[in-house]
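**Q** The residues making up each chain are set out below.
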Amino acid sequence: MALGKMPTSRRLLIVELPMLLILAFALGPYIWMFITSVTDESRLFTEGPSIIGATIDNYTRLFRTVGFGDNLLDSFIVASGTVVVGLSLSVTAAYSFSRFSFKGKRVLMLQFLLINMFPLVLLILPLFVLMRVLGLLDTHLALIIANSTIAIPFSVWMMISYMNGIPRSLDEAAMTDGCTRMGALRRVVLPLCVPGIIATGIYIFITSWNEYLYALTLGGRNVRPITVAVQTLIGEYEIQWGLLTAGGIVGAMPATVLFLLVQKRLISGLTQGAVKG
Amino acid sequence: MQTHNGPESADDAGRQSRRRLSKRILPYAMLSPAVLVTLTIVFLPMLQTAWMSLHEYVLFRPKEFKFIGFDNFVAALQDEVFWISLKHTIIWIGVTIPGQMLLGLVTALLLNQEFRWRALARALIIIPWALPSVVIALMWVWIYDSNYGVLNDFMLRLGLVEQAVPWLADPDLALGAIILTLTWQGFPFFAVMILAGLQSIPKSYYEAASLDGASAWRQFWHITLPGISGVLVTAVLLRTIWVANSFDVIFVMTGGGPGYSTYTLPLYAFIKARTNLDFGYGSALAVLFTFLLMGLVLIYLRRTGKAVQ
Chain H
8 MALGKMPTSR RLLIVELPML LILAFALGPY IWMFITSVTD ESRLFTEGPS
58 IIGATIDNYT RLFRTVGFGD NLLDSFIVAS GTVVVGLSLS VTAAYSFSRF
108 SFKGKRVLML QFLLINMFPL VLLILPLFVL MRVLGLLDTH LALIIANSTI
158 AIPFSVWMMI SYMNGIPRSL DEAAMTDGCT RMGALRRVVL PLCVPGIIAT
208 GIYIFITSWN EYLYALTLGG RNVRPITVAV QTLIGEYEIQ WGLLTAGGIV
258 GAMPATVLFL LVQKRLISGL TQGAVKG
Chain E
485 MQTHNGPESA DDAGRQSRRR LSKRILPYAM LSPAVLVTLT IVFLPMLQTA
535 WMSLHEYVLF RPKEFKFIGF DNFVAALQDE VFWISLKHTI IWIGVTIPGQ
585 MLLGLVTALL LNQEFRWRAL ARALIIIPWA LPSVVIALMW VWIYDSNYGV
635 LNDFMLRLGL VEQAVPWLAD PDLALGAIIL TLTWQGFPFF AVMILAGLQS
685 IPKSYYEAAS LDGASAWRQF WHITLPGISG VLVTAVLLRT IWVANSFDVI
735 FVMTGGGPGY STYTLPLYAF IKARTNLDFG YGSALAVLFT FLLMGLVLIY
785 LRRTGKAVQ
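Quick note, the sequences are listed as chains H and E, same order. Each residue of the first sequence is one higher than the one before, starting from 8 at the first, in my numbering. Each residue of the second sequence is one higher than the one before, starting from 485 at the first, in my numbering.
Rather than coming from a laboratory, the hints here were simulated on the basis of the structure. This one's a predicted model, so the numbers in the text were calculated from it and none came from an experiment. The reader is advised that the hints may include incorrect statements.
As the list claims (entries may be wrong) - Covered by chain H, per the in silico footprint, the following chain E stretches (three or more residues, Cβ under 8 Å): (1) 626-639; (2) 727-741; (3) 752-758.
Unchecked claim - Here are the simulated lysine to aspartate or glutamate pairs, DMTMM-like style, with alpha carbons at most 25 Å apart: (4) E/Lys507 / H/Asp184; (5) E/Lys507 / H/Glu179; (6) E/Lys687 / H/Glu23; (7) H/Lys271 / E/Asp656; (8) H/Lys110 / H/Glu179.
Said to hold, decoys possible - Far from chain H by the CB rule (all over 10 Å, computed), these chain E residues: (9) Asp563; (10) Pro612; (11) Pro616; (12) Pro672.
Backbone N, C-alpha and C define an ideal beta-carbon position, used for all residues, glycine too.
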């Protein structure tokens, strides 16, 4: 609605105040978790969470006694591995979809979309059986493979939308100058796609970092990503909410920071397909 | 001349046809790695689920992989817990999705206005969506805590309740509490999608309508809503499919309890396989659920398929 030029008082009342309330609802739980995590455990149940007299006690305890460092490393390995697999397989596929028209294109494109629509529970059972047979249970590789089931189709679609934004005439110019198709892809299209590739990679990283059910089912003992570690904390330290919330803050940190860094580009990539549809 | 030219043009033709052939193969060659990998790690395992669902297969008795036809499916349809889970799945989607959509719509309309901290608000609003589901479950369990939770504290102080409410331990309230959590998690997605839709509506439409003296409400009804209807349908379909599929937040928050009061279908399938190690029955439940969801998926694919053309 074209309410662009409203008097300040009116704007305060019908735009900024409601926005503030919604923002408080959206961020409240997170802020509450943070405040709890910096409250001294002994004071938590007598005076309640408070930012006065903040302490990092819970965080040092988290790393000293619970060994959160290893879990962070596991998550990092799995998430990075998934980024590499997802991106390397999807770049050429996306180029093919973006530049050529060929028989079966629509079906092939839709099959990538279809994958993300299937219930995860349909995949998690056979993947468990498969990894057990291959002896891959509780390895980083198993989790990378499992996360790739989500990452590959997603990054194919994201990369298509980025590549469609690069004019075809650039490829053609490169090819008249003697480049092959692959040469044009490598020398012309890829460099222009770098921002899109980074955004896609970061999104894959975030989703793999946040992933919980595969990590629980296919990992768990030796390989225990941060999400599983946080969930185990809930069981073991049931009433030590200071420690628990500190674990939550640490577990959510990479996703939050990365997301805020790239949110603009990411959102435009994510919504483009939907808006056009 | 002709004899001289013959082999050369044949050679040329050969090279050309080879080039044409490679041109025809190239798209498929570039696709094949991604397609082959997804076939191996997605579609084959799915077929295996279908195969397992036709067998009696309990993981700690691996020798007894016995073909039993559709017995698992028949058992599921006679299973009371299946119907309870189905009912919860429907209630859960039926309340969560409209909740997310309405809140998302209001947020998007607000974010589409001009105010000084708009960019900041737009960046921050997305945070719930970016958080790991385990962390979301953790912080909401803490908020709902019956002894020290902030929600009880808040409501006691306002005098809305007389004594602390055990939100997640009360069978009548647990599903509602989880629905609130998921509404909170998912509304930013709607907000962002709808905002993109709003921004694609030309400003001139509103200017013309204002000149004609159309009220804000009429502008919303006749310009805004039709303008975002496409995005809205896509977002609802996508979210419904995702929300229906996801069960990680419930799994961490209540594990389906108390009793069966927060069981949903995918959660039931997962628990059957994980806790009872009954992979045959779990697979059958997963397959049944997939069939139930298939209608929505097909509608979504048809819409997107048209857009791809």
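**Q** Hint by hint, which ones does the structure fall short of?
**A** Those not satisfied are hints 7, 10, 11, 12.
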